[in-house]
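S.K.: Let the hints inform the model, and build the full structure from the sequences given.
Chain residues, written in single-letter form:
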Amino acid sequence: MEPISRLKHTPLHALHLSLGARMVPFAGYEMPVQYPEGVLKEHLHTRAAAGLFDVSHMGQIAIRPKSGRIADAALALEKLVPVDVLGLAEGRQRYGLFTNPEGGILDDLMIANRGDHLFLVVNAACKDADHAHLKDGLGDACDVTLLDDRALVALQGPRAEAVLCELWADVASMRFMDLAEADLHDVACIISRSGYTGEDGFEISIPTASAVDVTQRLLEHPDVLAIGLGARDSLRLEAGLCLYGNDIDTGTTPIEAALEWAIQKSRRAGGERAGGFPGADRILAELAGGTDRRRVGLKPEGRAPVRGGAKLFTDPDGTVLVGSVTSGGFGPSVDCPVAMGYVETAHARNGTKLFAEVRGKYLPITVSALPFVKQTYKR
Amino acid sequence: MLKFTEEHEWLKVEGGVATVGITEHAAGQLGDLVFVELPESGVTFSKGDTAATVESVKAASDVYCPLDGEIIEVNQAIVDDPSLVNSDPHGAAWFFKLKLADPRSADGLLDEAAYKELVG
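Protein chains in written order, with my numbering: chain A, 1 to 379; chain B, 1 to 120.
If you're looking for bench data, these hints aren't it; they were derived computationally from the structure. Hints are not guaranteed to be accurate.
Restricting the straight-line Cα-Cα distance to at most 27 angstroms, the calculated cross-link-like pairs of lysine-lysine (BS3-like) are [claimed, not checked]:
| id | chain 1 | residue 1 | chain 2 | residue 2 |
| --- | --- | --- | --- | --- |
| 1 | B | K12 | B | K99 |
| 2 | B | K97 | A | K361 |
| 3 | A | K66 | A | K8 |
| 4 | A | K361 | B | K12 |
| 5 | B | K12 | B | K47 |
| 6 | A | K135 | A | K8 |
M.R.: Here it is, written out as structure tokens:
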């Protein structure tokens, strides 16, 4: 564990302390893992009303084409991601992946078209590497800037729209993955209708100087509760969303990770801009021919949570190893343990019965469709 | 009189039998518990052995056997409702009763004042 004194703080650090947060080291930052309400209540509040998350530790990156033409930036970025960036309309955002020459995943990210530049949100632990990777790959055509003068908060849950509408009525017309600039309390913010909880919601990028003010005002709303990393993790797990470093990493390909939906037709074999990204040979071959293992949802039969690292077997004696759990815990909304992990493709079909090794016992666990909760995105 | 361990178990010793639970401090640190696994009656443990497991939404933690002895009773109520450990850690949410191998062995554990000093 890193010494606490070397941990970085987000602009909302003092606010977290004043709210009674329990702080922990996470990706080089001291971050709130939970507030006095506790993980369970925070999780359920997000599903029932609106949760506010500080995600300022994540990296925000601007890519500006030197030519002034956004298409040049899009085409340059397509050299690093298997994603249709050129076809991304202004004011739209999509999920993407940085891949490596072996087809592994360097990071997952959000890519938005802001008209004159691309706006990226990347994972905290990867942001410096991503910045360098982008400069290496796009530096000739684009200026790549890590925006360290902005905070980022996520407002998630069924009341998120109503809460934000009180500040900016037009938010109601935004659809899932729309992105817009708007003033909240006279502060110019970038708002996207997205998040990582499976709920409808928004991510709001705020200039650092105004971050505390805007966040505090959002928290004043009776429907809004500050939510820590603990509930963020259980929410995204129920939503079947990958956590970089747990469920995906440089050793997993997008197809193994069941993320082929993030590779649009234009980048696939036969598409107008097929391939051309790192690891394309392997990834396109896997798209056509499949993989030896797949990421799947897993539902433990009993009440015992099955955590990341647990091995998966076909038999209750633990003789035939076919995979392992990458994320697992308790799902407060579904009121049972939930997990995901990788299994050999022959055992990846929904309904397949397996056994997870937990403290020397082999507990029944069933391959199960993801997500565990119904997504409520406003499409 | 209650005794405590540095690993955050409490013990109430009566007639050579210790009723064992986890402290309010430990329950608070663990957060909302969602799963408790208890030992079986009749099992013998040495001091420091893992005797039970508690799991919060986020993580699993071991509960250690505070002294040498034999499990003679476990509390099914906390298996049925793990949140009892958060709401009443020193009362209804005891974990197990331990017949001590040496009834005087509890003397060496912390008293309440010493434990309070330990956890600040």
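S.K.: Does each hint hold? Answer for all of them.
M.R.: Evaluation of the provided hints:
no.: 1; hint: B:K12 - B:K99; verdict: holds, 12 angstroms
no.: 2; hint: B:K97 - A:K361; verdict: holds, 24 angstroms
no.: 3; hint: A:K66 - A:K8; verdict: violated, 32 angstroms
no.: 4; hint: A:K361 - B:K12; verdict: violated, 31 angstroms
no.: 5; hint: B:K12 - B:K47; verdict: holds, 16 angstroms
no.: 6; hint: A:K135 - A:K8; verdict: holds, 24 angstroms
Checked against the numbered hints given earlier, the structure breaks hints 3 and 4 and satisfies all the rest.
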